[in-house]
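Colleague: What follows is the residue order along each chain.
There are 2 protein chains.
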Amino acid sequence: HILQRLEDHFGDQPNQTVSQDLKGRRILITAGPTFEDLDPVRFLGNRSTGKMGIALAEAAAARGAGVELILGPTHLSTTAANITTTPVRSAREMHAAALQRWPECTDAILCAAVADYRPETVATDKIKKKDGELTLSLVRNPDIAAELGNNKLADQRVVGFALETENGVENARKKLLRKNLDFIVLNSPRTAGAAFGHDTNQIQLIDRNKVTAFELKTKREVADDILDRLAADKPTP
Amino acid sequence: HILQRLEDHFGDQPNQTVSQDLKGRRILITAGPTFEDLDPVRFLGNRSTGKMGIALAEAAAARGAGVELILGPTHLSTTAANITTTPVRSAREMHAAALQRWPECTDAILCAAVADYRPETVATDKIKKKDGELTLSLVRNPDIAAELGNNKLADQRVVGFALETENGVENARKKLLRKNLDFIVLNSPRTAGAAFGHDTNQIQLIDRNKVTAFELKTKREVADDILDRLAADKPTP
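Residue numbers (my numbering), protein chains in the order written: chain A, 1042 to 1278; chain G, 1042 to 1278.
The following block holds chain A by itself, in its conformation from the complex (with noise of 0.2 Å):
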């Protein structure tokens, strides 16, 4: 009964006052950071640790949404029920379970820290250490965001996110337009509390008219205010 005390206390407790405003929306969420391996011990990483993308797929999944989460490595997860985790490592794998996934998906929300670079050749010996210096050739991933905004159907929505250390609204804006989203949240790690790794939040959210500034906030009312932008950008039947 240990146990029992303790699931009451710490378990995740159905709230009934919690809007089913996201019912029969199917969202696709990426989260954490993609890792891109040289060999079979070294990679290429980021400090996404995926938090705000669980806390996206947790309130999600509370307002009625089914989602399909898409995360990164990472010791993060989440066992919220009407969450359906595929774990990746990769860009390309998680592109290749974003494009699966993407057709029977109403929403997608991109929040992952993807690899925008991999090494060329990935060894398949750990690559032995030599004196001086080393040279690593560095070829572009697939762009999600940017396959699923330039191929969305009418009535299908994609938000992505953009980590920015300078000019972050402009920056942002342009990537908005150049990947066809419906809006893009801005967040920096210059801000104290802000982004990787983080229990808060500090974010804009950019659409093509207007920017929305909120204040620092858990990940998980920065998740609501998120998920309220689109649940007022209701699908057209």
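To be clear, the hints were calculated from the coordinates, so they are not data collected in a lab. All values reported here derive from a predicted model rather than from experimental measurement. Be careful, since some hints might not be right.
The list makes no distinction among identical chains, and a pair is therefore deemed to hold if it is satisfied within one copy or across any two copies.
No more than 30 Å apart at the CA atoms, straight line, and that leaves these computed lysine-lysine pairs for BS3-like [stated by the list, open to error]:
id, residue 1, residue 2
1, 1171, 1258
2, 1064, 1193
3, 1251, 1171
4, 1170, 1220
5, 1251, 1215
6, 1171, 1064
7, 1258, 1215
8, 1171, 1193
With chain A's structure known, arrange chain G on it following the hints.
Modeller: Positioned in the frame of chain A, the structure of chain G alone reads:
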């Protein structure tokens, strides 16, 4: 009292039957990976999780040693008594922390998977992606094992780790000689259930004269096998 019962069940219980054969020894242990930043977001990493090094730290402390644990970026940690943890991120940070503590230590077990290379320059702002290829220039990191091994006093012992995907024993012994180690622990990511991320490991202990092969065991049991060798090799007073 739930917390108390959990503590009783899961807590570290001082086991009075554990031999205190490392009493009086002060052991420097490096553990985990190192991450080498390219910019505020991206880094070069490796698959080490720190499990083996943390198991070594806990086993050594249980056998009476004082432990200086220099721990690379990982979500794992230890709260066991008599372990001082110094968290570091890059190879150069680990190098500086190890060199600072080494003069007060009797032994070093260099279990961390230290990056051999780091990016030549670290960008202050996130590197923007461009079309086509990108070339990354990498430079060698300091070799902590070689520095400690080649500068140890007569009463100091240095133990290295080798992770090899091919010609394991041959490469490990070359490393042992070049870095003037007392012995070296060889493991392979190719062995099922061994090395990175697993709870088990299978090792060979290699010194100038012999190779001793062990069965697949839990990392804590492997830690005790390594410490048995270290305990037998008493510092000359």
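Colleague: Taking 30 Å as the upper bound on the Cα-Cα distance, should residue 1171 and residue 1258 be classified as within, between, both, or neither?
Modeller: neither (48 Å within a copy, 33 Å between copies)
Colleague: Classify it for me, residue 1171 with residue 1193: is the Cα-Cα distance of at most 30 Å met within a copy, between copies, both or neither?
Modeller: between (48 Å within a copy, 24 Å between copies)
Colleague: Given identical chains, is residue 1258 near residue 1215, meaning Cα to Cα at most 30 Å, within a copy, between copies, both, or neither?
Modeller: This pair counts as within: shortest intra-copy Cα distance 26 Å, inter-copy 54 Å.
Colleague: 30 Å Cα cut-off: does residue 1170 pair with residue 1220 within a copy, between copies, both or neither?
Modeller: Between copies only: 14 Å across chains, 40 Å inside a chain, cut-off 30 Å.
Colleague: With identical chains, the pair residue 1064 and residue 1193 could be close in the same copy or across copies; at 30 Å between alpha carbons, which is it: within, between, both, or neither?
Modeller: within (21 Å within a copy, 67 Å between copies)
Colleague: Regarding residue 1251 and residue 1215, is the shortest C-alpha distance of 30 Å or less found within a copy, between copies, in both, or in neither?
Modeller: within (13 Å within a copy, 63 Å between copies)
Colleague: Go through the copies and call it for residue 1171 and residue 1064: within, between, both or neither, with a Cα cutoff of 30 Å.
Modeller: neither (57 Å within a copy, 40 Å between copies)
Colleague: Treating 30 Å as the Cα threshold, decide for residue 1251 and residue 1171: within, between, both or neither.
Modeller: Answer is between; shortest inter-copy Cα gap is 27 Å, intra-copy 53 Å.
Hints 1 and 6 from the earlier list are contradicted by this structure; the remaining hints agree with it.
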